[in-house]
Amino acid sequence: SQWGEENLQALSIQEGEDVTMNCSYKTYTTVVHWYRQDSGRGPALIILIRSNEREKRSGRLRATLDTSSQSSSLSITAAQCEDTAVYFCATDAGTGGYKVVFGSGTRLLVSP
Amino acid sequence: EAAVTQSPRNKVAVTGGKVTLSCNQTNNHNNMYWYRQDTGHGLRLIHYSYGAGSTEKGDIPDGYKASRPSQENFSLILELATPSQTSVYFCASGQGERLFFGHGTKLSVL
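Residue numbers (this note's numbering), protein chains in the order written: chain A, 1 to 112; chain B, 1 to 110.
It should be emphasised that the hints constitute simulated quantities derived from the structure, not laboratory data. Glycine residues also receive a C-beta, built at the ideal position from the N, C-alpha and C atoms. Check before you lean on any hint, since a few could be wrong.
[To be verified] A few chain A positions that, by computed beta-carbon distances, are all more than 12 Å from chain B:
# : residue
1 : ARG62
2 : SER68
3 : THR84
[What the hints assert, rightly or not] The calculated BS3-like cross-link candidates involving lysine-lysine, where the alpha carbons are at most 30 Å apart (straight line), are:
# : chain 1 : residue 1 : chain 2 : residue 2
4 : B       : LYS11     : A       : LYS26
5 : A       : LYS99     : B       : LYS65
6 : A       : LYS26     : B       : LYS18
7 : A       : LYS56     : B       : LYS65
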């Protein structure tokens, strides 16, 4: 099947827990984006990691990238209720940022 | 903050009818994109553009046309709408590595 066609995965955690979401991509990419989508809205970029980086941090977010296995992860430390959203990874399919394609995504629910 | 505006926000169309979804961006971004998102799924790329006058096929272009008459505007056209095209459509613009999305258009084809 085409990348991104699968159903959203679902994760449910308690506030304060750490969580990691994984993404495997099919083609070479120069960058992996991580987007967050709140209900009823378009996605918004939260962190991106380039192919020459193994790890990137932004606040409570940490992204990793393993180009040899074509996989990336997004971790949230001490998750809060407001982190509840759908999270997607996206790649540029090796086009240098022109053609951006999305993975299937994870629906994260953080409960008090 | 980059602004991407889609119209209409909601649209009900009849099978076989023509539908045009419009997108306007005020950020002078070269690249614009159309995605569809079905309930419980991710975003799939339909068409994209590098600049005025250009359109490129994405991963699921069948049944859709795109038009980029200017830097600011990018339209998605369904010449003969079908119920399988019922979905939420998102437009995005970008220059470099970050995309900015509109709020989406919910299209129902009956």
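Hint-by-hint comparison with the structure:
{"no.": "1", "hint": "ARG62", "verdict": "holds, 19 Å"}
{"no.": "2", "hint": "SER68", "verdict": "holds, 22 Å"}
{"no.": "3", "hint": "THR84", "verdict": "holds, 16 Å"}
{"no.": "4", "hint": "B:LYS11 <-> A:LYS26", "verdict": "violated, 34 Å"}
{"no.": "5", "hint": "A:LYS99 <-> B:LYS65", "verdict": "holds, 17 Å"}
{"no.": "6", "hint": "A:LYS26 <-> B:LYS18", "verdict": "violated, 35 Å"}
{"no.": "7", "hint": "A:LYS56 <-> B:LYS65", "verdict": "violated, 38 Å"}
Of the numbered hints stated above, those contradicted by the structure are hints 4, 6 and 7, listed in ascending order.
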